[in-house]
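With the hints as constraints, model all of the structure from the sequences given.
Residue numbers (this note's numbering), protein chains in the order written: chain S, 1 to 349; chain F, 1 to 349; chain Y, 1 to 349.
Don't read these hints as lab results, they were simulated from the structure. Bear in mind that the values here come from a model prediction, so they are computed numbers and not experimental data. Any given hint could be a false lead.
Same chains, same names: a pair is fine if it fits in one copy or spans any two.
Claimed, not checked - 27 Å max Cα-Cα, derived DSSO-like pairs, lysine-lysine: (1) Lys328 with Lys309; (2) Lys328 with Lys261; (3) Lys112 with Lys98; (4) Lys95 with Lys285; (5) Lys309 with Lys95; (6) Lys341 with Lys328; (7) Lys285 with Lys347; (8) Lys261 with Lys228; (9) Lys195 with Lys62.
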Amino acid sequence: MKFTAQQIATFLQGEVVGDPNISVGEFAKIEEGREGCLSFLANPKYEEYIYTTQSSIVLVNKDFEPSKEVNATLIKVENAYASLAQLLQLAESVKPKKTGISSLAYISSSAKIGENAYIAPYVYIGENTIIGDNAFIEAHSFVGDNARIGDNAILGVGVKIMHSCVIGNHFTAQPGAIVGADGFGFAPSNGVYSKIPQVGNVVVEDYVEIGCNTTIDRATMGSTVIRKGTKLDNLIQVAHNVEIGENCVFAAQVGIAGSTKVGNNCMFGGQVGIAGHLHIGDNVKLGAQSGVMHNVPSGETWLGYPAQKSGTFMRGHASTMRLPELMKTVQTLQKELNVLKQRLEEKES
Amino acid sequence: MKFTAQQIATFLQGEVVGDPNISVGEFAKIEEGREGCLSFLANPKYEEYIYTTQSSIVLVNKDFEPSKEVNATLIKVENAYASLAQLLQLAESVKPKKTGISSLAYISSSAKIGENAYIAPYVYIGENTIIGDNAFIEAHSFVGDNARIGDNAILGVGVKIMHSCVIGNHFTAQPGAIVGADGFGFAPSNGVYSKIPQVGNVVVEDYVEIGCNTTIDRATMGSTVIRKGTKLDNLIQVAHNVEIGENCVFAAQVGIAGSTKVGNNCMFGGQVGIAGHLHIGDNVKLGAQSGVMHNVPSGETWLGYPAQKSGTFMRGHASTMRLPELMKTVQTLQKELNVLKQRLEEKES
Amino acid sequence: MKFTAQQIATFLQGEVVGDPNISVGEFAKIEEGREGCLSFLANPKYEEYIYTTQSSIVLVNKDFEPSKEVNATLIKVENAYASLAQLLQLAESVKPKKTGISSLAYISSSAKIGENAYIAPYVYIGENTIIGDNAFIEAHSFVGDNARIGDNAILGVGVKIMHSCVIGNHFTAQPGAIVGADGFGFAPSNGVYSKIPQVGNVVVEDYVEIGCNTTIDRATMGSTVIRKGTKLDNLIQVAHNVEIGENCVFAAQVGIAGSTKVGNNCMFGGQVGIAGHLHIGDNVKLGAQSGVMHNVPSGETWLGYPAQKSGTFMRGHASTMRLPELMKTVQTLQKELNVLKQRLEEKES
Chain S
1 MKFTAQQIAT FLQGEVVGDP NISVGEFAKI EEGREGCLSF LANPKYEEYI
51 YTTQSSIVLV NKDFEPSKEV NATLIKVENA YASLAQLLQL AESVKPKKTG
101 ISSLAYISSS AKIGENAYIA PYVYIGENTI IGDNAFIEAH SFVGDNARIG
151 DNAILGVGVK IMHSCVIGNH FTAQPGAIVG ADGFGFAPSN GVYSKIPQVG
201 NVVVEDYVEI GCNTTIDRAT MGSTVIRKGT KLDNLIQVAH NVEIGENCVF
251 AAQVGIAGST KVGNNCMFGG QVGIAGHLHI GDNVKLGAQS GVMHNVPSGE
301 TWLGYPAQKS GTFMRGHAST MRLPELMKTV QTLQKELNVL KQRLEEKES
Chain F
1 MKFTAQQIAT FLQGEVVGDP NISVGEFAKI EEGREGCLSF LANPKYEEYI
51 YTTQSSIVLV NKDFEPSKEV NATLIKVENA YASLAQLLQL AESVKPKKTG
101 ISSLAYISSS AKIGENAYIA PYVYIGENTI IGDNAFIEAH SFVGDNARIG
151 DNAILGVGVK IMHSCVIGNH FTAQPGAIVG ADGFGFAPSN GVYSKIPQVG
201 NVVVEDYVEI GCNTTIDRAT MGSTVIRKGT KLDNLIQVAH NVEIGENCVF
251 AAQVGIAGST KVGNNCMFGG QVGIAGHLHI GDNVKLGAQS GVMHNVPSGE
301 TWLGYPAQKS GTFMRGHAST MRLPELMKTV QTLQKELNVL KQRLEEKES
Chain Y
1 MKFTAQQIAT FLQGEVVGDP NISVGEFAKI EEGREGCLSF LANPKYEEYI
51 YTTQSSIVLV NKDFEPSKEV NATLIKVENA YASLAQLLQL AESVKPKKTG
101 ISSLAYISSS AKIGENAYIA PYVYIGENTI IGDNAFIEAH SFVGDNARIG
151 DNAILGVGVK IMHSCVIGNH FTAQPGAIVG ADGFGFAPSN GVYSKIPQVG
201 NVVVEDYVEI GCNTTIDRAT MGSTVIRKGT KLDNLIQVAH NVEIGENCVF
251 AAQVGIAGST KVGNNCMFGG QVGIAGHLHI GDNVKLGAQS GVMHNVPSGE
301 TWLGYPAQKS GTFMRGHAST MRLPELMKTV QTLQKELNVL KQRLEEKES
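In structure tokens, the structure reads:
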């Protein structure tokens, strides 16, 4: 299916700069563009490609002004990246989707499956479990007993939602993600560790997405909670009784230890680690690989190991870079001081 | 089922402070307590909640003395956390458990399944493999050929135990854990890498627990070994030919490179990395995110990157914090020295 | 099956030092050697064991000269580790392999399965998907629609290859690895995140191996690419639109953020993190746990957080180690300077 620049601009409430009748039927990266393709430019790092791209149409932010000639037709929009999301979502929504319940799935007789749900081969649905309308449950997924999965949820291949967990609407779990396995709780006693059964659950609110092989442990008691709109990348660890606020985005391989609370609208870089029993405020940003050992107030950006406010870290790091130079300065000072001493002694003698 | 404070105190060999006849039937976190619930207080960080909790009973350490009025009935025990474990284990043990072998499981004809084992749908059990009594093998689990799984073992959903591995009794693998996949062994030769088939196995002793999506590689030759009572959290990497001693606890996302030996009773924080071919002694503690490049003697606590003894690291870190100040001091010294020089020169001239 | 030292030496084009007729039928680590076993010595750290090993034959590099008496027969070869790989590969190649297509597998009617392929129980093969000759697809594996898997590929237990991905020949995926799940793409708009459907794929060239639970995300548009001969260990994250060159080796738990390009022949230690949109040259080495925030030119070795050229890092680290000492020196200087000042003042007064 092909669309003209004018049709797309109308859909996106944007403005055409170039040929309004040129049409596209595919998406391509700007540096790999071909005739008939639509590309986008959001990150200025890639600006150079707009002058050479073979794509027929490029979505750009409305404040973009080319510094050279551009062959492609531009569509100027408020936010090129958000507009791209809209177009791609439209393209996805018209693709045919699998439906129906496979005869190779295992569904407990007491489970309730919503309307229009897709249940793939080798899926396991436990007792008294409720699956929402339009749920899309891929092969090898597991939903334990007494769990609830919301409407329009997508469970990727091999996703595991353990018993008694409560998952909201519009949830997406990428393949291999695990929600609600036992938290890591052992009571030391006479040199050995005794398991603390984890009798809580995980509660995930609406519009949450979690990545491949990410693990969110059930609470010892009460609930581990992921609030509305939060997105977690791959291979992330969320320990028992953690609470993560709304609209957070965490990059891959982040680890959050037990009982830590994270506020709303936080952004964490990859491989960040946060100790247990801490409070991280709202709108907090943590640089990749930060190791957080203290509460972080709202609105702050921290980084480093141990993590500090970014200004403090940057100053400390800049100083460290200049340490070899400082050492030479101090040696010079020592020598000069000794010379002075000697000269003074000569004067005194 | 409900129990009175007196019944619980008798079971735990503890002492009731308050109403011995008050009864509870549920567990709750102290800050979320409700009437009819039992809570616990082990971490002093949460003491404030004991004065406001709605829980009917709170387990506390016997040396706990409230600084304000407490409404809840207290049960004083030697170790509140260990007592909680006992109570929760008791509650778990009376829950009904699934039993029997699903007709949707694939069990090789030469495999031997112990008494009272539960084998869920879509489980695969390989040839000549022996599964112990009371084993609990959840959906989508895989046990390869010629493997042995001990009595009372729990294999969570989608656990994979590869061929020829030997797993002890009372083993628990959380969902997605993988034991015995190939180690990462390649011989470089003329710029390309040639695979070294990994012909060893993994041996796991009794009372071990491993976390979700944790991976323990088989040995190149011989065995990768996890000794008795050790507990590994989620997303941990244990490379080929590693040996981990008894009663260790490793937090999530730890990685241990090939052939490293770890002693008994070690505690590693999250995201710790240890290089290959090292010896880590007994009773070693490693701070979260430490990067260990050297052998660590028994009894020591190390942290940092590269990891050092904690005292050395803390002194170094404190010095680094004071670097900007030190730099100013050195600048001041330089100026003062120059003033002195000039004054001395004036004297001399 | 047993082989004499002479037969093995002939196969490896090596030289026997000792009894050419002694024979072996098993492999063992040098420190666990027994009569009838073959061991190897490649890492000089283990040299001590060659003087005490009970193994009948030991493979050594041709420049190895024992400093004490050795009981074992030695076979001297160009590269002991590469020769070991050859022997182990020979031993593996004669083991019986499973073949055939399980009736418990789900194979779409439009899929094409190559000759001699093994398809285990509970495998799912999507529509229009092509599986190469001699492919070995273990239990619980998933290959999505419109994908292509090359000849001689091995998909371990529970491996997931998502739709439209293209996988080369001689590919090996260890259990739980995931290729082609959605990249982490969300457009922020008015404080919430809107999903950017990921319409690209993953292209994996020949002779690639990826580890357990490693995740390689599909591109937003275009392809995430892993080139020929590259080997990735367990629990690695490769984000969308990343390109990794030929013959790279990455240790476990490495994470590479979106759109970063890595050259050929790179070696990354465990837990390395690389920011997005960077260029890493050819022959780059990164120390374990490095945090890379800048482009790295070809041929360089970087380490640390933030990562720097190894020389710079080492000098900086050495200086940091000497900081407490430097602080004392500066204090001494201050005191001496004050003494001088006073003496000068006395002179002047």
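Hints versus structure:
Taking the shortest Cα distances, Lys328 and Lys309 sit within 27 Å of each other only across copies (21 Å), while inside one copy they are farther apart (29 Å). Taking the shortest alpha-carbon separations for Lys328 and Lys261, neither the intra-copy value of 46 Å nor the inter-copy value of 39 Å comes in at or below 27 Å. For a Cα distance limit of 27 Å, the shortest separation of Lys112 from Lys98 qualifies both inside one copy, at 19 Å, and across copies, at 20 Å. With identical chains, the CA atoms of Lys95 and Lys285 are never at most 27 Å apart, being 37 Å at best within one copy and 44 Å at best between copies.
Neither within a single protomer nor between protomers do Lys309 and Lys95 lie at most 27 Å apart by alpha-carbon distance, with minima of 47 Å and 49 Å respectively. In this assembly of identical chains, Lys341 and Lys328 lie within 27 Å of each other by CA distance both inside one copy and across copies; the values are 20 Å within and 20 Å between. Taking the shortest Cα distances, Lys285 and Lys347 never come within 27 Å of each other, neither inside one copy (61 Å) nor across copies (59 Å). Taking the shortest Cα distances, Lys261 and Lys228 sit within 27 Å of each other inside one copy (15 Å), while across copies they are farther apart (34 Å).
In the homo-oligomer, the alpha carbons of Lys195 and Lys62 lie at most 27 Å apart only across protomers (21 Å), although the nearest pairing inside one protomer, at 58 Å, exceeds that limit.
Against the hints set out earlier in the document, violations occur for numbers 2, 4, 5 and 7.
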